[in-house]
Amino acid sequence: MVDYDPNLIGRVFEVTDPVPVTAEMVAEFCQATGESGPLYVDQEAAKRGPYGTVVAPPSFAVTFRNGRQFFEHIPRFGRQGFDAGKDVEFVAPIRPGDTITLSSHVKEIYEKTGRSGSMVFVVVRSTLKNQNDETVAHVDHRFMNRP
Amino acid sequence: MTTVLDLHSHSEASEDSRAPLEAYLNWLRLRRTERPVDGIVLTEHRQFNKDADYRALEDKFGTLVLKASEVETDYGHMLVFGVTDEMTRRFDFADVHLPAQEVIDEIARMGGVVIPCHPGRPNVGLFEHYSKKSPLQNIAAVEVYNGGSRKGEDERSQQLAERFGYREIGGSDSHLVSLIGLCATRFEGDVRNIEDLVAALKGDSYQAVDFRPRRRPVQRAVAVEVK
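Sequence lines, in order, name chains A and B. Letter 70 of the first sequence, counting from 1, is numbered 70 in the working numbering, and no numbers are missing. Letter 47 of the second sequence, counting from 1, is numbered 1047 in the working numbering, and no numbers are missing.
What the hints contain is simulated information worked out from the structure, not anything from laboratory work. None of the values given here were measured: they were computed from a predicted structure. Using N, Cα and C, we set each Cβ at its ideal position, and we do this for glycine too. There could be a bad hint or two in this list.
[Claimed, not checked] If you want the ones that stay clear, here's a sample from chain B, every Cβ over 12 angstroms from chain A, calculated: (1) 1016; (2) 1058; (3) 1108; (4) 1121; (5) 1124; (6) 1135; (7) 1163; (8) 1164.
[Said to hold, decoys possible] For lysine to any residue, the following SDA-like pairs were computed, each having C-alpha atoms within a straight-line distance of at most 20 angstroms: (9) 1060(B) x 1193(B); (10) 112(A) x 1018(B); (11) 112(A) x 1051(B); (12) 1133(B) x 113(A); (13) 112(A) x 1193(B); (14) 86(A) x 1176(B); (15) 107(A) x 1095(B).
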């Protein structure tokens, strides 16, 4: 079995400074991803929608993972690895004018075997909160390491 | 009377699958003609969900849903049918280096059945391990049709089964909704619950079936004269 300190699980290892969300950031994200939903790009249409204003598309939540050293402190195993995908749980819309803070902890570490050999997976859960301390999303980042 | 079961599938309870059980059952209902499967067995990776109760979905879709597990051993991956509390106490299903022979013998003693899956697959299949280590004893059957196999893997599985006289099962190994029921096992008689399935697997009245569409041969290019 993979050897690691079980106290790592659940321990918050990184909290970012608040990141302000601007209307320009949302518009650029929509442009870059080809998002054309009126709730995200059309202020007039969005006014008549459920949120009364333009909001960021749900996938905008994953843009908060970076900061050059964001995952500097997560446990690593072995010689190499790669980003093995993400699961995002959307809780509430992100709006222009919000400031988003990320708090990250190691959710899970597990080992498995496959065609290419042994792998150790580290799942880091980032919780995104707005300026009102409301959770807007959980993002689970899955990293694969070769032991 | 026969019963056709997909003996190998993964729902979203497995970390590498995103397939909800209800979507599997709905997909099978829509494709009953191409994949005439009476039921599926959820074989989640390295775990057994004792408390999961799928009766409401079974009733809604008229499809049998049974629970088993896929564990990882020093001879590759294996399906465990008839999992009990005694088994999960005896073995840590999350351990990816379980001793295969011990697992096979002990699970049998406790009333279950262990069947190596995708034996023709590199690294996690029996075939490769047999090239380096002595063969295992008391193998009831191996999975010769696996819906996730790459070219040559099922053929190696069949060679292995033939060489050692193993009986044969099939399963989709589905991790995606659209792949459920592609491979399965046809049992003579009625299989209505996990006890029936374990008893049937201990017998010899079953065969692997393959519902994967045949690939059409690539048409050879024909030179034409351009005028």
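Hints versus structure:
Residue-level check failed: residue 1016(B) sits 8 angstroms from the nearest beta carbon of chain A, not beyond 12 angstroms. Residue placement check: residue 1058(B) keeps its beta carbon more than 12 angstroms from all beta carbons of chain A (closest about 27 angstroms). The Cβ of residue 1108(B) sits about 23 angstroms from the closest Cβ of chain A, beyond the 12 angstroms cut-off, so the non-interface label holds. Taking the minimum C-beta to C-beta distance to chain A, about 6 angstroms, the non-interface status of residue 1121(B) is violated against the 12 angstroms cut.
The claim that residue 1124(B) lies off the interface is violated: its Cβ sits roughly 5 angstroms from the closest Cβ of chain A, which falls inside the 12 angstroms cut-off. The Cβ of residue 1135(B) lies farther than 12 angstroms from every Cβ of chain A, with a closest approach of about 20 angstroms, so its non-interface assignment holds. For residue 1163(B), the condition that its CB be more than 12 angstroms from all CB atoms of chain A holds, with the nearest at approximately 22 angstroms. Interface exclusion of residue 1164(B) from chain A stands, the closest Cβ pair being 22 angstroms apart, more than 12 angstroms.
Distance check on the hinted pair: residue 1060(B) and residue 1193(B) sit about 17 angstroms apart at the alpha-carbon level, within 20 angstroms; holds. The suggested pairing of residue 112(A) with residue 1018(B) holds, with an alpha-carbon distance near 17 angstroms, which does not exceed 20 angstroms. For the hint linking residue 112(A) to residue 1051(B), the alpha-carbon distance of about 24 angstroms lies beyond 20 angstroms, and the restraint is violated. A threshold of 20 angstroms between alpha carbons decides the hint, and for residue 1133(B) with residue 113(A) the separation of about 18 angstroms falls inside it, so the pair holds.
For a cut-off of 20 angstroms, the pair hint linking residue 112(A) to residue 1193(B) is broken: about 29 angstroms separates their Cα positions. With a C-alpha separation of about 17 angstroms, the suggested pairing of residue 86(A) with residue 1176(B) holds against the 20 angstroms cut-off. Taking the CA atoms of residue 107(A) and residue 1095(B), the gap is near 19 angstroms; set against the 20 angstroms cutoff, the hint holds.
Going down the numbered hints, you'll see the structure goes against 1, 4, 5, 11, 13, while the others check out.
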